[in-house]
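Engineer: Chains as they are written, first to last, in the working numbering: chain A, 1 to 357; chain B, 358 to 773.
Treat each hint with caution, since some may be false.
Derived DSSO-like pairs: lysine-lysine, alpha-carbon spacing no greater than 27 Å straight-line [what the hints assert, rightly or not]:
1. B:444 - A:26
2. B:438 - A:195
3. A:47 - B:444
4. A:277 - B:561
5. B:412 - A:195
6. B:606 - A:305
7. A:51 - B:600
8. B:651 - A:51
9. B:593 - A:272
10. A:47 - B:606
11. B:686 - A:272
12. A:347 - B:672
13. B:412 - A:193
14. A:100 - B:651
15. B:412 - A:234
16. A:47 - B:412
17. A:51 - B:606
18. B:416 - A:190
19. B:540 - A:51
20. B:686 - A:26
21. B:438 - A:193
22. A:26 - B:593
23. B:606 - A:157
24. A:225 - B:416
25. B:651 - A:157
26. A:336 - B:672
27. A:233 - B:672
28. B:416 - B:444
29. A:272 - B:416
30. B:672 - A:277
31. A:193 - B:600
32. B:540 - A:47
Rough simulated footprint, nothing fancy, chain B against chain A, three-plus residues with beta-carbon under 8 Å [to be verified]:
33. 80 to 94
34. 172 to 181
35. 271 to 281
36. 309 to 322
Hint data in this document are derived by calculation from the structure and do not stem from the laboratory.
Bear in mind the structure is a predicted one, so any value in this text is a computation, not a measurement.
All residues carry an ideal CB built from backbone N, CA and C; glycine is no exception.
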Amino acid sequence: MAKDMREPIETGCPDGFQYMHPTMRKNFGLWDYHEHPRPGVLVHVAKNGDKVWTVKAGTQRILDVFTLRLLCDIADQYADGYVRFTIRSNIEYMITDEAKVQPLIDALEKAGFIVGGTANSVSMISHTQGWLHCDIPGTDASGVVKAMMDELIEEFKNCNMPNRVHITTSCCQINCGGQGDIAINVQHTKPPKIKHDLVANVCERPSVVARCPVAAIRPAMVNGKPSLEVDEKKCICCGACYPPCPPMQINDPEHTKLAIWVGGNHSNARSKPSFQKLVAAGIPNNPPRWPEATAIVKKILAVYKEDARDWERINDWIERIGWPRFFELTELPFTKYHIDNWTGSRKSLNASTYIRF
Amino acid sequence: MQKHNTPMLDELENGPWPSFISGFKRLRDQHPEQRINEVSNDLLGQLEHSYETRKGYWKGGTVSVYGYGGGIIPRFSEVGKAFPKSKEFHTLRVQPPAGNYYTSDILRQMADSWEKYGSGLVTFHGQTGNIMFIGANTENTQHFFDEINDYGFDLGGAGPCVRTAMSCVGAARCEQSCTNEHKIQRLLVNNFTDDVHRPALPYKFKFKVSGCPNDCMNAIERADFAVIGTWRDDMKVNQDEVKAFVSAKGRQYVVDNVITRCPTNALSLNDDDTLNVDNRNCVRCMHCLNVMTKALSPGDDKGISILIGGKRTLKIGDLMGTVVIPFMKLETEEDDDKLVELAEEVIDFFAENALEHERTGEMIERIGLVNFLEGIGVDVDPNMVGSPRQCSYVRMDGFEDAAKEWFDNQAEKAAG
Numbered sequence: 001m002a003k004d005m006r007e008p009i010e011t012g013c014p015d016g017f018q019y020m021h022p023t024m025r026k027n028f029g030l031w032d033y034h035e036h037p038r039p040g041v042l043v044h045v046a047k048n049g050d051k052v053w054t055v056k057a058g059t060q061r062i063l064d065v066f067t068l069r070l071l072c073d074i075a076d077q078y079a080d081g082y083v084r085f086t087i088r089s090n091i092e093y094m095i096t097d098e099a100k101v102q103p104l105i106d107a108l109e110k111a112g113f114i115v116g117g118t119a120n121s122v123s124m125i126s127h128t129q130g131w132l133h134c135d136i137p138g139t140d141a142s143g144v145v146k147a148m149m150d151e152l153i154e155e156f157k158n159c160n161m162p163n164r165v166h167i168t169t170s171c172c173q174i175n176c177g178g179q180g181d182i183a184i185n186v187q188h189t190k191p192p193k194i195k196h197d198l199v200a201n202v203c204e205r206p207s208v209v210a211r212c213p214v215a216a217i218r219p220a221m222v223n224g225k226p227s228l229e230v231d232e233k234k235c236i237c238c239g240a241c242y243p244p245c246p247p248m249q250i251n252d253p254e255h256t257k258l259a260i261w262v263g264g265n266h267s268n269a270r271s272k273p274s275f276q277k278l279v280a281a282g283i284p285n286n287p288p289r290w291p292e293a294t295a296i297v298k299k300i301l302a303v304y305k306e307d308a309r310d311w312e313r314i315n316d317w318i319e320r321i322g323w324p325r326f327f328e329l330t331e332l333p334f335t336k337y338h339i340d341n342w343t344g345s346r347k348s349l350n351a352s353t354y355i356r357f
Numbered sequence: 358m359q360k361h362n363t364p365m366l367d368e369l370e371n372g373p374w375p376s377f378i379s380g381f382k383r384l385r386d387q388h389p390e391q392r393i394n395e396v397s398n399d400l401l402g403q404l405e406h407s408y409e410t411r412k413g414y415w416k417g418g419t420v421s422v423y424g425y426g427g428g429i430i431p432r433f434s435e436v437g438k439a440f441p442k443s444k445e446f447h448t449l450r451v452q453p454p455a456g457n458y459y460t461s462d463i464l465r466q467m468a469d470s471w472e473k474y475g476s477g478l479v480t481f482h483g484q485t486g487n488i489m490f491i492g493a494n495t496e497n498t499q500h501f502f503d504e505i506n507d508y509g510f511d512l513g514g515a516g517p518c519v520r521t522a523m524s525c526v527g528a529a530r531c532e533q534s535c536t537n538e539h540k541i542q543r544l545l546v547n548n549f550t551d552d553v554h555r556p557a558l559p560y561k562f563k564f565k566v567s568g569c570p571n572d573c574m575n576a577i578e579r580a581d582f583a584v585i586g587t588w589r590d591d592m593k594v595n596q597d598e599v600k601a602f603v604s605a606k607g608r609q610y611v612v613d614n615v616i617t618r619c620p621t622n623a624l625s626l627n628d629d630d631t632l633n634v635d636n637r638n639c640v641r642c643m644h645c646l647n648v649m650t651k652a653l654s655p656g657d658d659k660g661i662s663i664l665i666g667g668k669r670t671l672k673i674g675d676l677m678g679t680v681v682i683p684f685m686k687l688e689t690e691e692d693d694d695k696l697v698e699l700a701e702e703v704i705d706f707f708a709e710n711a712l713e714h715e716r717t718g719e720m721i722e723r724i725g726l727v728n729f730l731e732g733i734g735v736d737v738d739p740n741m742v743g744s745p746r747q748c749s750y751v752r753m754d755g756f757e758d759a760a761k762e763w764f765d766n767q768a769e770k771a772a773g
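Please model the complete structure; the sequences and the hints are all you need to start from.
Structural biologist: Below, the structure is given as C-alpha cells:
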C-alpha cells in the first residue's frame, strides 16, 4: 500500500513575508517609534514617515470556521486583507489609512469581538486545551477563560492598570499555560487512585517510577498482578505519573483544586525575568463559571491597580511593598504551604532584617 | 440528529466575551455538512459530560501521517459509545508562517480544507506556537495534511522532538527589534525538520526568538534555546525628543518612571532636561526605551544573546534559560552558519546525554553548566553567572591551567 501514499513535502516553517502587509514588508527593520493613541490601537511610524495602525481584538480563541471567515471578511473590508495573531491569540489588523481605524473598530465590535488588550490593560488570558482536548486535564481551559474574561472585559478594553497584566491558566501542574502576572493553575491535593488491574497492560512501569519527582512510586504486585504503589507520605500529588500511566488517576472531581500564583514576568525590563509565586490555593474547581477563582483574581487586580505605581508589573510592585503587605492588602491567608521546601528553596527565605512595619 | 442537552455549557454563552460554545453550536446547527453537525453535537455532549463530572475523557494513542512519526495529537474518547461521532478527535499541529502573519486568502483556503476533513474548529495558536486544527478522525488527518502540505504548510512537532518555534512581530513592525527574528526562526527550526517530524530525542526541544530583551515570546522562561536580540554599542538618544518628553510629562514623572527605574542606575537627568546614559553599565533591560519610544532606541551594533535551558515545571521545577552566548553578530552567512552549528551541537549533546524525558535545562542542572559548555565547545564567560562560586568545597588543582587558558583566549580575541 505504501507506494500509493503521498510523500510529505518537508517544508517546515513557511516564510511569513508572503503573508505580511506590504507596508510592513517595505519597512522591515526600519521602524522608528510607536504610539498608543487609544486602547486597542497602536501606531508604528517608520523612519521614512510611513505609518501602520494596528487594531487588536480579543476572540474566543477556539474559532469555528464561521468566525474565522467573519474575521477574514473584516480584514478584506477594512484592512487590506492582512492579519496576524499575537502570542495570546488576539487578532491584529494592520492598516495604513487612519480614516479606516474607527470603522474597523466599529465592525469588530458589531461582530462581537472585543477591541483592546494593548499596553497597560489586562490582555487575553493565555490558556491550554483542558477538557476539550487534553488527555490529562484537571479542569477546562476555554471555559475558565471565557468566564473570567466576561468579568475582566472592562480591563481588557481600557488601559487602567499600572502596567500590562498577563494572565494564564493551566489544567494540570505541568503548567503548559506558562508564567503570568497572575496564573490560575490546577493543584491536585490527593495522591493518585491506582486502577491496579490496568497498570500491567497500559504502563511501562520503570518509566513511571522514573517520572516521579520525589521517588514515591515503586513496582509492586497487587492482587497477583504487576502494578505500582505510591508512598502516600512522600507523594506531592503533582500528577507527573498520570500522563505515562493513565491508571494512576490523579484527577478527582472534588480534590482537584485550583491555585493562584502571581509575579511571573518574562520581560527583562527593570528586573530580570521572574517566576510566579503561590498566593492562593484550595479554590474549588467549579464549572461552568468558576466564580471563586475569578473573585480572587479580581481582588488581586483591584489591589494592584490601587497600590502599584505606573510601570510596575505585579512582580515589581510586590518587590517594592513586600509580601507581608501583599497578603494584608489582598486579605489572602498566608500559610505554611506558602513557604517553599523544594530544591533551592532557602534562597526564597528572608535572610536579613529587612522587615516592613 | 438528537441534540444533546448542555445546560452547563449554555451558561458559557452568557456574558460579553465571545463564546466558544456559541461557535460549536453554529457548527452543529448551521453548517451545511451533516458530518460537521454531528461531530459538533457529540463534542458538545462529551464536554457537557466533563463539566458535570469534572473529569476529562480523552486518551492518547498513535496517529501520524505517512512518512512522519509526530505532529498529531491523537485523541480517542473514553466515552465514545455515548458520543460516537466525535470518538476520534485528533489535533493536527501545523507550523504557522514565521511571525504569525496571514492573508485572508490563506486563512480562507485553510478553512475550506479543514471543513472538508475536520470539525471546523481551529486555534491560532497553541502554547507551543502551532496552528491547532482540532478534531479530525484518523483517516482524515492524512487527507487534510496532504491538502495543506500541497500549498506550503507542514506539521509541527509533538512528542520528544524539536518543536515548532516562535518569533515575535519583530522587525516587521517593532522599532525595538534588534535582529531578523523570522529568519532566525526558520534557519533554526527548518534545519531540523527531520527532528521535528520523527520524534527521537530524549524529550522536547524548543526554539523561541524575541527581537529584544522585552522577550515577548517568553523565550527565556519557556525555550530550551532562546535567541534574544540585543545591541552592544551605545543606545541612541534623541535629546530633542527627551526634552519634549520631559516637558510633556514633567520632571517628577521622568525621575520616578525612567531615571530611578533603571536597574543599574545608568541614567541621570541633566539640569537642561537632557538625558545622560552610562552605556557601559546599561544592561539593555529595555525599560527606558519602552517608556520613551520616540527619544530612545537600540544602538547600531546589533546581534543576539542565546540562553539555554528554559522550561516549565515537569519534572524538577521551572527553570530559566542560562546565558551561553552573551553576544554574537548575525550579519553574514558565516554568522548564520555559526548559529545553526551551535544549535546542532546543543541538540547532539542533548540527544546523547539527557536521560529519557529530561529537558536540556534539567540535564544542565544534573551535570553542571561547565560539563555542558565543554560538550558543546563553548568557553566559559562571566556573563554566564549571576555570581561566581560561593562555597569553597571544590577541587581546584587545575586552576592555574584554566587561568592560563583564560588569558590565552583573551589574547586571541584581542588579536582578532
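Engineer: All hints are to be evaluated individually against the structure, with a verdict given for each.
Structural biologist: To see whether the hints hold, each was checked on the structure:
1. B:444 - A:26: Measuring from Cα to Cα gives roughly 48 Å; hence the hint is violated.
2. B:438 - A:195: The given pair, whose Cα atoms are some 21 Å apart, holds under the 27 Å limit.
3. A:47 - B:444: violated (55 Å)
4. A:277 - B:561: Status holds; Cα separation ~25 Å.
5. B:412 - A:195: Holds, at roughly 16 Å.
6. B:606 - A:305: Judged against 27 Å, a Cα distance of about 21 Å means the pair holds.
7. A:51 - B:600: Status holds; Cα separation ~24 Å.
8. B:651 - A:51: holds (14 Å)
9. B:593 - A:272: holds (22 Å)
10. A:47 - B:606: Holds - the C-alpha atoms of residue 606 of chain B and residue 47 of chain A are around 24 Å apart, at most 27 Å.
11. B:686 - A:272: holds (23 Å)
12. A:347 - B:672: holds (20 Å)
13. B:412 - A:193: holds (14 Å)
14. A:100 - B:651: holds (24 Å)
15. B:412 - A:234: Distance of about 25 Å is within 27 Å: holds.
16. A:47 - B:412: violated (54 Å)
17. A:51 - B:606: holds (24 Å)
18. B:416 - A:190: Answer holds: residue 416 of chain B to residue 190 of chain A is near 22 Å, not above 27 Å.
19. B:540 - A:51: With Cα atoms ~24 Å apart, residue 540 of chain B and residue 51 of chain A stay inside 27 Å; holds.
20. B:686 - A:26: holds (24 Å)
21. B:438 - A:193: holds (25 Å)
22. A:26 - B:593: holds (23 Å)
23. B:606 - A:157: Answer holds: residue 606 of chain B to residue 157 of chain A is near 24 Å, not above 27 Å.
24. A:225 - B:416: holds (23 Å)
25. B:651 - A:157: It holds: about 25 Å lies between the C-alpha atoms, which stays within 27 Å.
26. A:336 - B:672: holds (23 Å)
27. A:233 - B:672: holds (19 Å)
28. B:416 - B:444: holds (10 Å)
29. A:272 - B:416: violated (39 Å)
30. B:672 - A:277: OK: residue 672 of chain B and residue 277 of chain A at ~17 Å, within 27 Å.
31. A:193 - B:600: violated (66 Å)
32. B:540 - A:47: holds (22 Å)
33. 80 to 94: holds (count 10)
34. 172 to 181: The restraint on the stretch 172 to 181 of chain A holds, since 7 of its residues have a Cβ under 8 Å from chain B and three suffice.
35. 271 to 281: That given contact holds, which follows from 3 residues of the stretch 271 to 281 of chain A lying within Cβ reach (below 8 Å) of chain B.
36. 309 to 322: holds (count 3)
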